[in-house]
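The whole structure should be built from the sequences, with the hints applied where relevant.
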Amino acid sequence: MTSKRKRRTKRRRRQQNLREPAPSEPEECGLHSISPLIVKYWRQRHSLFSRFDEGILMDEEGWYSVTPEAIAAAHAERAADHAIVLDGFAGVGGNAIQFALRGCHVIAVEVDPRRLELAVNNAKIYGVEDKIDFIVGDFFRLAPFLKGDIVFLSPPWGGPTYRDFNKYTLDLLKPIDGYSIFQHAQQITPNIMMFLPRNVDVNQVEELSWLSSPPLNFENELHNLFDSE
1 MTSKRKRRTK RRRRQQNLRE PAPSEPEECG LHSISPLIVK YWRQRHSLFS RFDEGILMDE
61 EGWYSVTPEA IAAAHAERAA DHAIVLDGFA GVGGNAIQFA LRGCHVIAVE VDPRRLELAV
121 NNAKIYGVED KIDFIVGDFF RLAPFLKGDI VFLSPPWGGP TYRDFNKYTL DLLKPIDGYS
181 IFQHAQQITP NIMMFLPRNV DVNQVEELSW LSSPPLNFEN ELHNLFDSE
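Residues in the sequence shown are numbered from 1 upward in steps of one, following the working numbering.
Simulated from the structure, these hints should not be mistaken for laboratory data.
All the given hints hold, so there is nothing to weed out.
Within a straight-line C-alpha distance of at most 16 Å, the following computed EDC-like cross-link-like pairs (lysine to aspartate or glutamate) qualify:
#1 LYS174 <-> ASP138
#2 LYS40 <-> GLU60
#3 LYS174 <-> ASP112
The following block contains the structure:
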């Protein structure tokens, strides 16, 4: 009887060691002022930045607007080596960092100076700050004066409520509609990448390409990182 109990105990211990530890709560890391809205994103923090624990900094909007790292890396793979990429809505730097890791030179434009400081910090953690020019400014005002091989656009979707729409239309983008955003980007280059909600009206997005003169080639990629969301 005694020997059987010992074997069962050993098996239980081995099984317990295989279990992944539960995600840390924000309070356990000293973050007591975090909004309830952000708790879900906090639990996904290593999907947003794999090097989060090395000192990544975020503001509240950054939590729900930054591109998850795996998706940002997939975007960057579409760029040629040494391309000049203009990131029109840089936020806390998720996409700019991945383009820089790809070998591109990035011009990161962000209207919020505090958020751009966070992007600079995060780029330093990934060791690519020297491959990114950080510019505080309004993309729409700067577009006529900017040059690049690719424009990457991840404009604000209006917060997490974008999921409430059966079809997310381009007029819901902020601060202006998607058609106008696209037209500003066309002043720079015809090579435009847009990161949009997965429930976006794809027909509207495709319309952007054939309304251009001459019509542009159109490709649509669907990335689904969190199946439960």
